[in-house]
Each structure stands twice: as C-alpha cells, then as structure tokens.
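Protein chains: 2
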Amino acid sequence: MRGPIVPSTCDLRVFQQQIASTYGDKDQRRGIAGTFMYFMEEVGELAEALREPERHDLAGEFADCQAWLVSLAHLAGVDLAEAVNTKYPGRCLRCQATPCTCLSKP
Amino acid sequence: MRGPIVPSTCDLRVFQQQIASTYGDKDQRRGIAGTFMYFMEEVGELAEALREPERHDLAGEFADCQAWLVSLAHLAGVDLAEAVNTKYPGRCLRCQATPCTCLSKP
Numbered sequence: 001m002r003g004p005i006v007p008s009t010c011d012l013r014v015f016q017q018q019i020a021s022t023y024g025d026k027d028q029r030r031g032i033a034g035t036f037m038y039f040m041e042e043v044g045e046l047a048e049a050l051r052e053p054e055r056h057d058l059a060g061e062f063a064d065c066q067a068w069l070v071s072l073a074h075l076a077g078v079d080l081a082e083a084v085n086t087k088y089p090g091r092c093l094r095c096q097a098t099p100c101t102c103l104s105k106p
Numbered sequence: 107m108r109g110p111i112v113p114s115t116c117d118l119r120v121f122q123q124q125i126a127s128t129y130g131d132k133d134q135r136r137g138i139a140g141t142f143m144y145f146m147e148e149v150g151e152l153a154e155a156l157r158e159p160e161r162h163d164l165a166g167e168f169a170d171c172q173a174w175l176v177s178l179a180h181l182a183g184v185d186l187a188e189a190v191n192t193k194y195p196g197r198c199l200r201c202q203a204t205p206c207t208c209l210s211k212p
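Protein sequences appear in the order of chains A and B. For the first sequence, this note's numbering puts the final residue at 106, and the numbers step up evenly by one. For the second sequence, this note's numbering puts the final residue at 212, and the numbers step up evenly by one.
I should point out that these hints are in silico values taken from the structure, not numbers from a laboratory. One or more of the hints may lead you astray.
[As the list claims (entries may be wrong)] Listed below are several chain B residues computed to face chain A (Cβ distance under 8 angstroms; list not exhaustive):
1) 115
2) 116
3) 118
4) 134
5) 136
6) 137
7) 187
8) 200
9) 202
10) 206
These numbers come from a predicted model, not from an experiment. Ideal Cβ placement from N, Cα and C applies to all residues, glycine included.
Build the full structure now, drawing on both the sequences and the hints.
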C-alpha cells in the first residue's frame, strides 16, 4: 500500500549550506569568474532542454542552474534565502498586488 | 530590546507557488522564450553586480535571477524543489563524498 505523496520541500538556506559543504572548497579555489562560467554552461544546457524537452532531462538542468546559482551566491557572500525574502515578500512590490498588475515586463 | 536574529528560511516550493500566483498569468501569456530572455537579462545584471558589487545591489540581482528561474520552471511544468532534491540529495552523486573529491569541474 503506497503512502501519501508528500510534495517536495527545499529550504534554500539549507541547500546553500549543503552546496557550500560539498562544493565550497572547489568553488573558492576556482573563484567567482570561473564559477560564473560553469553557471552559464548550465544555463545554456537549460536553454537546449527547454527547446527539446523530450530529448533532455529538463528537471535536471533546472536543478543544475539552481545549484550553480547557489554556489555563486555563497562565493559572493550572499545569503540567497534572505535576498529572496527581502525582494520577493509575497506580492509584487511595484503594484502591491497578487496577481501583479504592472504594465512592465510584458 | 532586540529579539534573536533568525536566519532566513525560504522554501523553494512555497516560493514557486508565490511566484506563480503573482506573475504566472503574465509568464503564461509571454511564453517560455520571452521569459527566458528576461531571465538572461537578470543574469547579465548579476554579472555586472559581481564585477562591481560596491556599485550594485548584488543580493537583489541574485534574488531576481532566482525569481526568474522559478518563473521559467513553473512555466515549463517543473517542480523546482523536487528537481533539486532529486539531483542534489546532500552529497556529491559522482564521488559520494562531502566535500566532493571529483577531479571534474575544477
């Protein structure tokens, strides 16, 4: 008998600590510019997977972009969870509405 | 008297729902290609902020990249939290170690 399906939770703060523990030393030795290049490599793979999802691991490419973004944040001394909570508190900060009613970024 | 400083938590699953509620309709009308372009615009701004952090809002640029990545994931039908948990379970999947001992991605 199958148990209940529990939606995945993923705490960005915990994930940043995890990525830092696993890859932080390598990231530090490589530096920001080199790490940014790896991030861009994954973004390129994401573009390819978005274009042909049936021939790629789309979820995996998204996960890779997320991981490298977190690596970069840690290297740059940014707490990504805090940065997100500050700028994205739950409603559009420009028009104060959910859903957003801004004319910008159509 | 100040209260304790509580580190920010940010659940990617909750954030994806929040972004979908706030911007999902606009993202849907714009489509994947147009949304990817906005994501790239933010990645460019992130590069600039990494280069000159003293003259930019580095944390804000990271937050924007995160938000647009989540928008893209939602549009593409990907649960980003689940994708991350699947591919990044807490140790390097290649060498099984934390910290990673792989020779790849120096």
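For each hint, the structure was consulted:
1. 115: holds (5 angstroms)
2. 116: Interface hint status for residue 116 of chain B: holds (4 angstroms vs cutoff 8 angstroms).
3. 118: With a minimum Cβ separation of about 4 angstroms from chain A (threshold 8 angstroms), the hint on residue 118 of chain B holds.
4. 134: For residue 134 of chain B, the interface hint is violated, since the closest Cβ of chain A sits about 11 angstroms away, which is over 8 angstroms.
5. 136: holds (7 angstroms)
6. 137: Constraint on residue 137 of chain B not satisfied, violated at 11 angstroms.
7. 187: holds (4 angstroms)
8. 200: Check failed: Cβ of residue 200 of chain B comes no nearer than 11 angstroms to chain A, outside 8 angstroms.
9. 202: Hint violated; residue 202 of chain B Cβ to chain A Cβ min 11 angstroms, cut 8 angstroms.
10. 206: holds (5 angstroms)
Hint violations for this structure: numbers 4, 6, 8, 9, all remaining hints satisfied.
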